[in-house]
Amino acid sequence: MHGYRGKALELLYRFNAYAGEHVIIELDSKRYEGIIMPRYESADDTHIVLKLKNGYNIGISIDRIKSIKSIEGKNQIKIAEVEREDRGLSKIAMISTGGTIASKIDYRTGGVRAMLTAKELYDAIPELGELADIYPEVLFSEYSENLTFRHWSMLAEKIYEKSKEGYKGIVVTHGTDTMHYTAAALSFAVSINKPIVLVGAQRSSDRPSSDAATNLIAATTFASKSDLNGVFVAMHDSISDDTIAIHLGTRVRKNHTSRRDAFKSIGIKPIAYVRNGEIIYNLRVETRREEYILPKFEDKVALLKYHPNMDARLIEYLSELGYKGLVLEGTGLGHVSKYLFNSIEDAIKKGMIICMTSQCIYGRVRMTVYETGRDLLRIGVLPLDDMLPEVALAKLSWALANKEDVKSVMLKNIAMEMSDRSLVD
Amino acid sequence: MLSYKDLNVKIGLEIHQQLATEKKLFCSCKSIEIEKHEHEFFRRLRPTQSELGEYDPAALFEFKKGRIIRYIASNNNSCLVEADEEPPHDLNSEALDIALTIAMLVNSDIVDEVHAMRKIVIDGSNTTGFQRTMLIALGGTIDGVTIQSISLEEDAAKIIDENEKIKSYSLDRLGVPLIEISLEPVTNNAEEVALLALKIGRLLRATKRVARGLGTIRQDVNISIANGNVVEIKGVQRLDQLKDVIEYEVKRQHGLMIIADMLKERIDHLDTVVKDVTSIFIDSKSKIIINAIKSNGNIKAINIKGFAGMLGFEPYQGIRLGKELGEMVRSYGLGGIFHSDELPAYGISEEELNKVREILGTEKEDAIILIAGKNVEDAINAIIKRLEEALKGVPAETRAAKGNVTVYSRPRPGAARMYPETDIAPVVIRKELLEQIRSNLPKGWDEYIDELSSKYNINRIQAEKIFDSEYLNLFERIASTCKNIQPSFIVSLLTESMTSIEREGYDISILTDDKLISIFNIVNEQRIAKESIVDIIKIMINNRCSVDEAIKNLGLESISDAALKTIIEKIIRDNLEIVKEKGDQSFNILMGKAMDKLRGKVDGKKISILIKEKISQYK
Chain A
1 MHGYRGKALE LLYRFNAYAG EHVIIELDSK RYEGIIMPRY ESADDTHIVL
51 KLKNGYNIGI SIDRIKSIKS IEGKNQIKIA EVEREDRGLS KIAMISTGGT
101 IASKIDYRTG GVRAMLTAKE LYDAIPELGE LADIYPEVLF SEYSENLTFR
151 HWSMLAEKIY EKSKEGYKGI VVTHGTDTMH YTAAALSFAV SINKPIVLVG
201 AQRSSDRPSS DAATNLIAAT TFASKSDLNG VFVAMHDSIS DDTIAIHLGT
251 RVRKNHTSRR DAFKSIGIKP IAYVRNGEII YNLRVETRRE EYILPKFEDK
301 VALLKYHPNM DARLIEYLSE LGYKGLVLEG TGLGHVSKYL FNSIEDAIKK
351 GMIICMTSQC IYGRVRMTVY ETGRDLLRIG VLPLDDMLPE VALAKLSWAL
401 ANKEDVKSVM LKNIAMEMSD RSLVD
Chain B
1 MLSYKDLNVK IGLEIHQQLA TEKKLFCSCK SIEIEKHEHE FFRRLRPTQS
51 ELGEYDPAAL FEFKKGRIIR YIASNNNSCL VEADEEPPHD LNSEALDIAL
101 TIAMLVNSDI VDEVHAMRKI VIDGSNTTGF QRTMLIALGG TIDGVTIQSI
151 SLEEDAAKII DENEKIKSYS LDRLGVPLIE ISLEPVTNNA EEVALLALKI
201 GRLLRATKRV ARGLGTIRQD VNISIANGNV VEIKGVQRLD QLKDVIEYEV
251 KRQHGLMIIA DMLKERIDHL DTVVKDVTSI FIDSKSKIII NAIKSNGNIK
301 AINIKGFAGM LGFEPYQGIR LGKELGEMVR SYGLGGIFHS DELPAYGISE
351 EELNKVREIL GTEKEDAIIL IAGKNVEDAI NAIIKRLEEA LKGVPAETRA
401 AKGNVTVYSR PRPGAARMYP ETDIAPVVIR KELLEQIRSN LPKGWDEYID
451 ELSSKYNINR IQAEKIFDSE YLNLFERIAS TCKNIQPSFI VSLLTESMTS
501 IEREGYDISI LTDDKLISIF NIVNEQRIAK ESIVDIIKIM INNRCSVDEA
551 IKNLGLESIS DAALKTIIEK IIRDNLEIVK EKGDQSFNIL MGKAMDKLRG
601 KVDGKKISIL IKEKISQYK
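These protein sequence lines map, in sequence, to chains A and B.
Heads up, the first sequence is in our numbering, so the first residue is 1 and it goes up one at a time.
Heads up, the second sequence is in our numbering, so the first residue is 1 and it goes up one at a time.
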């Protein structure tokens, strides 16, 4: 119950007490009055957490507790709310997938839950109510590291469905850890004539300094005002709260564990910025494509980062497991050790499609420069130019599930995931 | 003189003391202040619901002001943690150790498991929008006064600059560990409370593990009088200020009660009318009003039934309802208000006023308030709310100590401002740790004073003085290196002389430790006489110069022994008759003449020995 287990839980049961209850806890020589709070799941089972009247939480050792007495009628939990109605502004669909953005802590359970209604959203971020009429919908509620290809498919289908319902744009709230994978996957799986903006937060939305609000406002601004189509990621451009960068979904990467400006466009500039409620276009690109939905993803695809001394049997094992595609994150211009050549060749012969990207992250693979690269090309490894490794994984999985001519699809630009020009700046 | 007993004055003291740890509370940055900051960034903070689903009123208030916050930072004393760009690291165990030590010294009951909490503060003083704080212990006593709680928390960023649009903070101080000791309210008078604060300060400093110097200890005071609400006053830095602030605040609260009583005789509820009166003032001679209209603002008028004369009424000098309102609207970005008790004035004419009265339907016993500016609705709501409070007396609010008075800063926060810091796991306080701390408890203040006094051969009063000053560490440094100077002289210079120099209006804060040490070193080397130190300090402050430059400026280059002998010789010869006539009795006269010439350049003792020698030669 609410993180309590073992001895602590037994004690609560013994006194018929529960989290959220207003109680007096009696010890040998003193008594504490307060509300029993949920306990962290990872914490020990020998303390009860009590919120005192002064707002502080303390842990009380269960060995010292003589009794827990309930105080009647004092444990209501209030939720502050403001009424708001549609104002005839642009309609925006906001699909929630999890993460701390557009979510609130439910202190009764101690968990985080998505904001379920527009009212809750406007309540937390009043500016949103002046920007657009938002229709929030919770698709799933997962930390982004728990998302699978199945979630990508569900999301792509949901977006396509929403695109037929007269929304001006679509905002997807997402955990940041794998948001760039999802952005890439959606870029291939769904094409609609509306902006699809993924947005996350690096500081959880339960804190006043959270970047959730500014990011969400910028994402909504872009989704409701931009005429660009495609999949974008809206996140802080710097550690200041003033400018939000709009990145192209196939060219963006999470590059920092914690900073607000963790997401960076790689080898390209952000498409636009949102500053003071205005969109400032940075790069005019033609992203318009024919509308389609191809939401399937092949599960048997892997991304492998080459490192010195890598065991060739890893590739053999993938082949035995029936993997259909493998993206290698090679060194430099696109290399792996010659000791892997045999396994790679065997795997390709058995039908696996193996692609090369670079772990340098910046720059493109050029496999004709060194003998190693040339050998790999000869064996049949596909050079993916300047495509990011994570993007390549999503694309390969998508191509295997939806396309016949996977090899040529992989080598051809579909959603600006690859370019033939690398610029000085 | 107000009787605190009759008024049932209750004063709750909260002491915030920085701890002298090597690192900050939740990261490995050093706790130092610096002058140059190479980084800058901008933020906005917004209120969040507490775990009980409530918004903190103080937080909402700050958010509505809509100000941008600018932070400046340096790699020398802050990192991504202070910038709120990286989660906090583990709790600094040294800081926890000190907090537990202090709790033990005052017999406070230490909690079994410490939970870090987020205390919402969205004025920008914390990049996160909250202060991390942990309750360490409950109960105990200091000097007979019961302790409510002892907490360990992080210090806030220091404000550097502030205007209507932007507030600037430096991250230097952010995250420095602080111990907060909250006392039960006492009914003592201001002087007794100041003494209590002094005693707590002494107890803390005697541990040798807390920071010293201006700004390292701060007092907050909660004050209430009978039938009034609690007012929280923040940021009292000095004990003499504490006494004055308490006396001012009690006077203010009593004044508000007098006003409330008078109002209650006139009306039984508040009745206001608000109208837009911009059109009346299109050709106004008031600059403030015209500027507001030019920048697309409006002029709003509030009629308040039965308030005539009450906005300007002064139960005590400087205590007026009008002033309270003026201070309050300033936090809504307005310059102030105009009210009918002070009008016509400030370029507003009787004629304009009459037109306003007509629109509002003002009667003789009513008062009027005029407000000029853009988006003044929130300010008007706040004024009306404040007027309602005026009927009751003293509203609950947070005020700031400014000099010897208090000014409005924001509504009082509630318990809704506190929720768990989920980034930090709770810390179980192990019995072994407590035992280890208990067997190493530091000496008490009394013992400390004894030790100081015997170590440096100074009397107890001097030991207390230097202990209470900001210069204890500096004193110990100087006394142990400058062996030619008597410690008692160093004490009197660092305490009495420094205080009187400051009272004369010199800014002693620019005298760094290094500068003071350089002065004593030169005296120690006997390059100058100790009598001239005060003059040198004044020159150093005035000219912002080094000690060598100050010496040159004062013409104090030291005189060689040979030259000194020649000068004394000459004085004796010029006054040979007196020497012959009075013998040893002539010493005072000759000494006086010598000092006129040599004051500050040569040690008086040296001169006196030479003169005595010469007298015995010539008499």
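The set of hints was computed from the structure by calculation and includes no laboratory data.
Please read these numbers as outputs of a predicted model, since none were measured by experiment.
Any given hint could be a false lead.
One side of the interface only, derived from the structure: several residues of chain A facing chain B at Cβ under 8 Å [to be verified]: (1) 61; (2) 122; (3) 141; (4) 142; (5) 143; (6) 145; (7) 260; (8) 363; (9) 367.
Straight-line C-alpha distance at most 27 Å; calculated DSSO-like pairs for lysine-lysine [said to hold, decoys possible]: (10) 53/A <-> 294/B; (11) 431/B <-> 30/A; (12) 53/A <-> 515/B; (13) 234/B <-> 53/A; (14) 64/B <-> 431/B; (15) 392/B <-> 53/A; (16) 392/B <-> 66/A; (17) 7/A <-> 30/B; (18) 234/B <-> 30/A.
We put the CB at the ideal spot given by N, CA and C, even for glycine.
Comparing the hints with the structure gives:
Nearest Cβ of chain B to the Cβ of residue 61/A: about 4 Å, under the 8 Å cut. The hint holds. Because the closest C-beta pair between residue 122/A and chain B is about 13 Å apart, greater than 8 Å, the hint is violated. A least Cβ separation of about 17 Å between residue 141/A and chain B goes past the 8 Å threshold, and the interface hint is therefore violated. For residue 142/A, the shortest C-beta to C-beta distance to chain B is roughly 18 Å, which exceeds 8 Å, and the interface hint is violated.
Hint status for residue 143/A relative to chain B: violated, with the closest Cβ pair at about 14 Å, above 8 Å. Contact between residue 145/A and chain B, as hinted, is not supported at the beta carbon level, the nearest pair being about 16 Å apart and thus beyond 8 Å. For residue 260/A, the interface hint holds, the least distance from its beta-carbon to any beta-carbon of chain B being 6 Å, beneath 8 Å. Because the smallest distance between the Cβ of residue 363/A and any Cβ of chain B comes to about 27 Å, over 8 Å, the interface hint for this residue is violated.
Residue-level restraint check for residue 367/A is violated (minimum Cβ-Cβ distance to chain B is 38 Å; threshold 8 Å). Between the alpha carbons of residue 53/A and residue 294/B the distance comes to roughly 50 Å, so the proposed pair goes past 27 Å and is violated. Under the criterion of a C-alpha separation no larger than 27 Å, the hint pairing residue 431/B with residue 30/A is consistent with the structure, at around 19 Å. At roughly 49 Å between alpha-carbon atoms, residue 53/A and residue 515/B are farther apart than 27 Å, so this suggested pair is violated.
Taking the CA atoms of residue 234/B and residue 53/A, the gap is about 21 Å. The hint holds against a cut of 27 Å. The suggested pairing of residue 64/B with residue 431/B is violated, with an alpha-carbon distance near 47 Å, which exceeds 27 Å. As the CA atoms of residue 392/B and residue 53/A are separated by approximately 26 Å, the hinted pair is consistent with the 27 Å bound. For the hint pairing residue 392/B with residue 66/A, the CA-to-CA distance comes to about 44 Å; that exceeds 27 Å, so the pair is violated.
Our distance criterion of 27 Å between C-alpha atoms is broken by residue 7/A and residue 30/B, whose separation comes to about 41 Å. Taking the CA atoms of residue 234/B and residue 30/A, the gap is near 31 Å; set against the 27 Å cutoff, the hint is violated.
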